[in-house]
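**Student:** Take these sequences, add in the hints, and give me the full structure.
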Amino acid sequence: MNRFVVIILSLLLSFPLSAGVKRERPPFDLRKHEFALSGAVFPGRYAFGYDFDSDAAGHDAGYGSVAGLYDDARTYNKERVTDSWVLSYTYNFTDAFSLSAGLGYEGGWSEYYSRADDSKIRVAECHYITPMVTARFSWLNRNLVRMYSSAGAGVSVAFAKAYNVADGTGNAKSPQAHLSLQLTPVGISVGRDLFGFFEIGVGTVYVGGCLGIGYRF
Amino acid sequence: MRKIIYATAVFSALLLSGCVMYSDKDEEENPQLDVSDMMYVRYVAPLFRTAELADFFDRYQTVRDDREQSEALGAGCFGEYFISGNLHYEEFSAYPMWGKISLTDTPGEYVCIPAGTGLWDDIDAEYSVKALGGRRYSISCDASDDTDKEWKSLSVDAVIDCSSAVFSMTESLYVEYEEDIAEDKVTVVMTSPGSGLSVPLCSNGQVSLYPSDGVLHFEISGDVVDSFDAGYRDGNPEILD
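Chain order of the listed sequences is A and W. Numbering (my numbering) for the first sequence: 4 to 220. Numbering (my numbering) for the second sequence: 28 to 268.
None of these hints come from the bench; they were simulated from the model. Hints may be right or wrong, so weigh each one.
[To be verified] Below, computed lysine-lysine pairings styled on DSBU-like, alpha-carbon distance capped at 30 Å:
#1 Lys157(W) x Lys179(W)
#2 Lys212(W) x Lys52(W)
#3 Lys179(W) x Lys127(W)
#4 Lys123(A) x Lys52(W)
#5 Lys212(W) x Lys164(A)
#6 Lys127(W) x Lys157(W)
#7 Lys81(A) x Lys52(W)
#8 Lys164(A) x Lys123(A)
#9 Lys179(W) x Lys176(A)
#10 Lys176(A) x Lys52(W)
#11 Lys212(W) x Lys123(A)
#12 Lys81(A) x Lys164(A)
#13 Lys157(W) x Lys164(A)
[As the list claims (entries may be wrong)] Residues from chain A that face chain W, not an exhaustive set, calculated with beta carbons under 10 Å:
#14 Lys81
#15 Ser113
#16 Asp120
C-beta: ideal position from N, C-alpha, C; glycine also.
**Tutor:** Structure representation (structure tokens):
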């Protein structure tokens with residue numbers, strides 16, 4: 004028992020000593036400029052259910068008709084996306100606050116193939132270009148690690164078209180603008196000049212996780 | 028540094044390869060089953076609901092001066108879905124499964140608008156019902172989604188027998204549906220050969236959607252051509268060989 008008390012006392016007494024010799028953290032070295040490229044597997048527009056733009060997809064008998072049900076049975080559908088990409092420039096005003104200007108892209112193809120011979124019959128595709136401004140708030144600043152949250156707003160411009168593979172006939176839709184928002188509750192960057200980062204967010208740019216690399220100077 | 032470059036290259040390659048987010052390549056397709064189900068639910072099942080409404084409303088006319096007996100009759104058919112406030116001399120309605128039935132100027136003839144009509148497509152079908160006596164009912168309909176009948180139309184002629192008081196059975200059934208959608212013009216004719224379709228009559232609000240027995244024949248023509256039989260046993264539909 005006595006030995007236990009001695010250990011606790013010695014720990015308490017040693018605390019001020021160890022605090023006294025604690026090494027000073029070097030000051031945060033704020034770099035004003037950042038360029039970054041990021042990618043996310045689950046694009047936001049796709050996650051929120053765009054249907055490759057039904058107007059551009061043209062006439063479709065649909066599932067609610069007899070012809071549509073037979074047509075659907077003759078074909079199978081495959082949807083591909085490009086993932087979501089953002090190229091951005093960030094200006095760090097202070098340790099805590101930054102503004103970014105980014106250009107995002109996501110695209111997708113909805114392809115119909117013949118079940119008889121796997122030949123491609125029809126394609127509908129849609130591409131989104133998204134300029135966006137993002138405010139970033141850094142709440143942990145170390146020279147090697149930064150953690151932050153951010154919110155962005157912008158405009159997505161959609162380009163959609165659909166065509167038959169055999170003869171190329173189809174239709175294109177004139178570009179459409181949509182509001183685009185992205186919220187990132189948590190992001191972490193690791194590195195000094197060259198850094199990698201990972202973000203968790205939800206919005207029309209991506210949903211889920213996003214990985215990227217960047218360079219700050 | 029080399030590790031970072033390597034990781035970046037792998038990550039970029041993964042992302043650049045793109046992702047297949049959806050594919051129904053491995054799904055089994057059975058358009059006959061899909062078509063038979065869609066056609067049955069939309070255009071055949073309402074005939075049995077209409078027969079149930081008519082069977083009640085026609086019997087109600089003989090006892091309508093006795094409110095207590097009338098309500099007991101209604102509750103016996105429609106159970107919790109029977110609302111006495113919806114029971115009038117001229118009309119009766121029971122939702123969400125049956126619809127509304129009204130008297131016409133001719134005794135023994137009614138007009139019925141089944142619940143859900145126009146819900147799945149734009150055909151607002153109004154069925155004419157004629158009581159043939161002995162709890163047998165002639166049901167007919169000629170409707171389309173527009174006056175020119177260019178897009179969808181429905182023509183029905185059926186006789187349904189409820190005399191067993193347990194089942195409603197088709198004595199005859201002819202349903203013709205036409206669609207002209209996305210440049211595909213298709214006509215579907217449904218008939219019930221042999222002993223017809225047999226559906227348990229609603230009782231205390233219990234409804235059977237599918238027949239307990241019978242065969243529904245499909246003849247499809249136009250831009251789609253097919254012919255097949257859908258068989259029903261204990262409420263389970265299947266395509267017969």
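**Student:** Take the hints in turn and mark each one as holding or not.
**Tutor:** Comparing the hints with the structure gives:
Restraint check for Lys157(W) and Lys179(W): the C-alpha separation of about 25 Å stays at or below 30 Å, so the hint holds. The straight-line distance between the Cα atoms of Lys212(W) and Lys52(W) is roughly 27 Å, inside the 30 Å bound, and the hint therefore holds. Distance check on the hinted pair: Lys179(W) and Lys127(W) sit about 23 Å apart at the alpha-carbon level, within 30 Å; holds. Pair hint Lys123(A) plus Lys52(W) holds up; C-alpha atoms about 13 Å apart against a cutoff of 30 Å.
Our distance criterion of 30 Å between C-alpha atoms is met by Lys212(W) and Lys164(A), whose separation comes to about 26 Å. Pair hint Lys127(W) plus Lys157(W) holds up; C-alpha atoms about 15 Å apart against a cutoff of 30 Å. A distance of roughly 8 Å separates the Cα atoms of Lys81(A) and Lys52(W); the hinted pair therefore holds under the 30 Å criterion. For the suggested pair Lys164(A) and Lys123(A), the alpha carbons sit about 16 Å apart, so the restraint of at most 30 Å is met.
A threshold of 30 Å between alpha carbons decides the hint, and for Lys179(W) with Lys176(A) the separation of about 28 Å falls inside it, so the pair holds. Restraint check for Lys176(A) and Lys52(W): the C-alpha separation of about 28 Å stays at or below 30 Å, so the hint holds. The suggested pairing of Lys212(W) with Lys123(A) holds, with an alpha-carbon distance near 24 Å, which does not exceed 30 Å. With a CA separation close to 16 Å, the supplied pair Lys81(A) and Lys164(A) stays within the 30 Å bound.
For the hint linking Lys157(W) to Lys164(A), the alpha-carbon distance of about 53 Å lies beyond 30 Å, and the restraint is violated. Nearest Cβ of chain W to the Cβ of Lys81(A): about 5 Å, under the 10 Å cut. The hint holds. For Ser113(A), the suggested interface contact is upheld, since its CB lies about 8 Å from the closest CB of chain W, less than 10 Å. Violation of the interface hint for Asp120(A) is found here, the shortest Cβ-Cβ separation to chain W being roughly 13 Å, above the 10 Å cut-off.
Hints 13 and 16 from the earlier list are contradicted by this structure; the remaining hints agree with it.
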